[in-house]
Amino acid sequence: MKPHPASRDVVIAAVALIVVLAIPLFHRSPAFEDFIIRLSAMALFATSLNLPVGNTGMVSFGHGMFYGLGAYAFALMMQMTDLSLPVAAVLAVSITTLASFCVGAICVRLSTDYFAFITLAFQMLFYSVVISWQSLTGGDQGLRGGIPRREIFGFELSSQLHLYQFCSVVAVLGLLALRHVSTSPLGQTLRMIRDNEDRASFLGVVLWRARLLAFTIAGAFAGLGGVLAALFVSGAYPELADWPNSGQAIFAVMLGGINSFLGPALGAAILLALNDAVTRFTEYYGLVLGIVILAFAVGFRRGVLDFLRLAWPRSSK
Amino acid sequence: MDLDALGACLTTPACVVTQATSGLIVGMLLFLVAAGVTLIFGVLKIVNFAHGTFYMLGGYVAYSALGATDSYALAVLSATLAMALFGVVFERALMSRVYGSNVLMQLLVCYAVVLIFDDVVKIVWGPEFHAMGMPPAFQVPPLFIAGGVVPPFYAVLIVIAALIAIVLGLGLSMTRLGKTVRAAAINSQMVSALGINTTLLFAIVFAVGGGLAGLAGALAAPVRSLSPGMGFSILIESFIVTVIGGMGSIGGALVSALLIGMVRAFGTIGFPQFTDGLIYIVMIAILLLRPQGLFGRSP
Amino acid sequence: MSGLITRRTMLAGGTASLLAAPWVARAQAKTLHIGMQSILSGPIALLGTSSRNALMMEQDRINAAGGFLGRPIEFVFRDSKGQPQEAARLTRELVNTTGCELLIDAEASSGSFAVQEVVRDLGVACIHSNSETSSLTADPKIRVPTAFRVARQGVHDAVAGSIYLSEYANTKKLNKWATCSPDYAYGRDTTAQYLQFFKQFKPDIEITTEAWPKLGQPDFTEVITKLIQAKPQALFTLLYAGDLSAFVNQGNIYALFGQMAVATPNVDYPVLAAIKNLPPGIQSATRYLETFPNTPANKEWGEAYFKRWNERPTNWSWQNTVAMQFYESAIKKANSLDGKAIAAALTGMKINTPFGVDGTITMRDDHTTINYAIGWGQTTPKEPFIIDVKAADWGKIIELETDWKKQQKYI
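Protein chains in written order, with the numbering used here: chain A, 1 to 317; chain B, 1 to 299; chain C, 1 to 411.
If you're looking for bench data, these hints aren't it; they were derived computationally from the structure. All C-beta atoms, glycine included, are put in the ideal place defined by N, C-alpha and C. Treat each hint with caution, since some may be false.
Said to hold, decoys possible - Here are the computed distance ranges between Cβ atoms for each label pair:
no.: 1; chain 1: B; residue 1: Asn-102; chain 2: A; residue 2: Leu-136; range: 36 to 46 Å
no.: 2; chain 1: C; residue 1: Glu-206; chain 2: B; residue 2: Ser-101; range: 58 to 68 Å
no.: 3; chain 1: C; residue 1: Thr-380; chain 2: B; residue 2: Gly-67; range: 18 to 28 Å
no.: 4; chain 1: C; residue 1: Thr-380; chain 2: A; residue 2: Pro-148; range: 48 to 58 Å
no.: 5; chain 1: B; residue 1: Ser-101; chain 2: C; residue 2: Ala-65; range: 54 to 64 Å
Isolated chain A (complex conformation) (with noise of 0.2 Å):
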């Protein structure tokens, strides 16, 4: 993979953000919106985790935990404290960054399959201490009583249009964050340590610090989507942290192309807009995604852009 001129990413960013912004300006659908706000969580989730996932070969089951976390920890501050919403956000972003390095710092050193069961049993863990410590997080029923979406820079988030310009602006960021991290000499390094651990330590890579740097910035950007979650449905419940929701992530991201920048948010927008059109036909949702999941799995063995890209080399980025 040749180095990527940040300058071509910032643009596709620009554009795409500026189709997205301009979309209601012609065509009010409040399904549409929702979908994109929800897709703009989604979207941070799962391609934070292909960072450890696709770039540095670090199976994570136990990623919801940290988009859990920053949707509790923001929630909460708004409920409790006057900060401003950017200020909650970031502080809740902090947050979990710090817990994503603690996690991050106890496990790294342990191999694949290691890796992989420690990480779900410090989410089964979280999830535990959410349903149990019922007075600060409300236990399974979640955070009740709203998140108070006080307006920041004129932006009224109570407001379904300007919740839906401010999640696509910070999707949009975050992702283009997430793409230079990818393509940085760091994200060399962790492609390298995926490829050949051992020449990559010849070579003087530190290979715990690069897992665990790594790791720890997928954790803030899952943290990131969080907030927007707890966003849309204005407060916090122990779902978000729960293993079916790791395993959202892990789909998106195996749906989509484990390969592909692009490709875990592909697969979020697969996996949603497959929710929306299924349960609408079907009370087996399970039924049909599952049929979904083998035909990828079996059938295609790769995700969609990978599959793209291998099917259609020009178009490789």
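For this one, chain A is given, so just place chains B and C on it according to the hints.
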């Protein structure tokens, strides 16, 4: 937290005996389910995330078979055989296609199977929960052994679980098939190069793993509720057992299942609202101090 | 190459149509769509399916009577899978995309709180038909102008149950009690509420031990032996559905039910149908019972339900039926589907219904129903399954509920 109650229990012989007995029962049932996961991982290096589904289907098959034949023994037998067959089909049709792929691909295939069969169960048996009820032969008062209470049904379950532990343990170490399986666990390419049909071997391993899960589901059906999605909590539990005991070690699974049984039995007295958290902390500690588990071979 | 391109185009096309599907605006038909969301899959799918069954019967009944404001009604059912964020999304989709003008929120507690926040933004009329958590409507910070609850409320059940159980405990001289409830918000809060009122009526009660099994825990062995150890005279449990059934089956083989009296508010028809050897003499509330209130109308409804669905109704079935009965009366009175107009009509409304303790149920000013049937009796293995049912005293319930609300600083 209720450390006083825990202290009081630990100084009362009757309490220690009763809770230890119930820890033993919980542990043996856990072992029954987890044995299949650890066996499959040991040989194929595959984490069978669909194991809970095997267990669930085993329970439902037994439920229907009991309705049809009125014999609990036949119900258990048919659940075991049906799930052994299911295991082979699952292995041949799906899992064999993702051998050698990364663990995420295997996770995806298993999870797809979980999703599909949760819905299939809902279509076939309905969304409401079912209870099989205790077979008439076991509707007798509990036994009192050394101050501890042991229901006869659980006594039978413990004996069956112990027999399975012995048969698996001895089978793996003494028989030719067992030796081949162990060799395949270490180096399946070498075993294949020696002219042994590893395809057949892998199918057999999945048949045994599936059969064990079906057996566990059928044996648990009289005392547990059947509902779509019931496999999930079982999966998590057997997963924890397998990780703590050491992936692939039958003896390790037995020890760690009993360990968790004891944590649950005494945790419910000392930390009634944080027993689960306690188990995850044990799991994290084990993974950090001894990632290969209590009895696993170091990688 | 062309084959590959075709496949690529096909994939892209498929994705595009999937993406487009959710927000293709639907033409406003004459039919009045009513959104209903619940849990229709997983271990507690019965919540959604038995609610849906009742609503289908109401749909037929209402349409036969000419619909709402002359428009035929049609339900749009959605499965939240029990996930609050999905519940929130569905509410918005039902209103914004599918064009539903009324909502029935048949979610369990956590989902209903998520729906509540969305309804606050949308301003559409919504009836929560299954959430029993008191704070949903009791807490003025959480209450929403256009959202109402037509369901049991936890605190009502707690008062009624405590009054009955304290009398029972006095008669039988049961002072040492144990509790065993699922370890999550419903279990903890409701147990605390029951105990608070229980102690108020019977100050000499002693709680010897508390057990907190996990929700959906497959194995209760260590909990059962712990309870037996503590040697209480009676056990109070809030386990329900599959968990209650498993607990009874596992308790049976330890002869638990011979060693202590047992009380639970949660024995209902599905539990009765699933448990083959239900011990007699368990003190239980009536969630739904054809013989309580013992009126022809109630029995007729129960039989009609069984005839149509070949299973007995649940507590959720009657609650959803009453929700539609309230909509029917309120829309007639308001002559409008506007959220505010319906809310104004619903507030303080009293309707005739088979499920009221005296043939009526009232929607109180704080958006929750009162005077529905609450009774306690004891189980028997055969029809009618619960006998000697005593109706609760609603005067007392409301008096103590008011004290409780003051204590919570809700009023």
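A quick look at each hint next to the structure:
A C-beta distance of roughly 38 Å is found between B/Asn-102 and A/Leu-136, which places it inside the suggested range of 36 to 46 Å. The hint said 58 to 68 Å for the Cβ distance between C/Glu-206 and B/Ser-101, and at roughly 60 Å that hint holds. Separation of C/Thr-380 from B/Gly-67 is about 25 Å and conforms to the stated range, judged on CB atoms against 18 to 28 Å. Distance hint for C/Thr-380 and A/Pro-148: a CB-CB separation of about 53 Å, consistent with the stated range 48 to 58 Å.
Taking 54 to 64 Å as the suggested C-beta distance range, the pair B/Ser-101 and C/Ala-65 conforms, at roughly 60 Å.
Violated hints for the displayed structure: none, as all numbered hints are satisfied.
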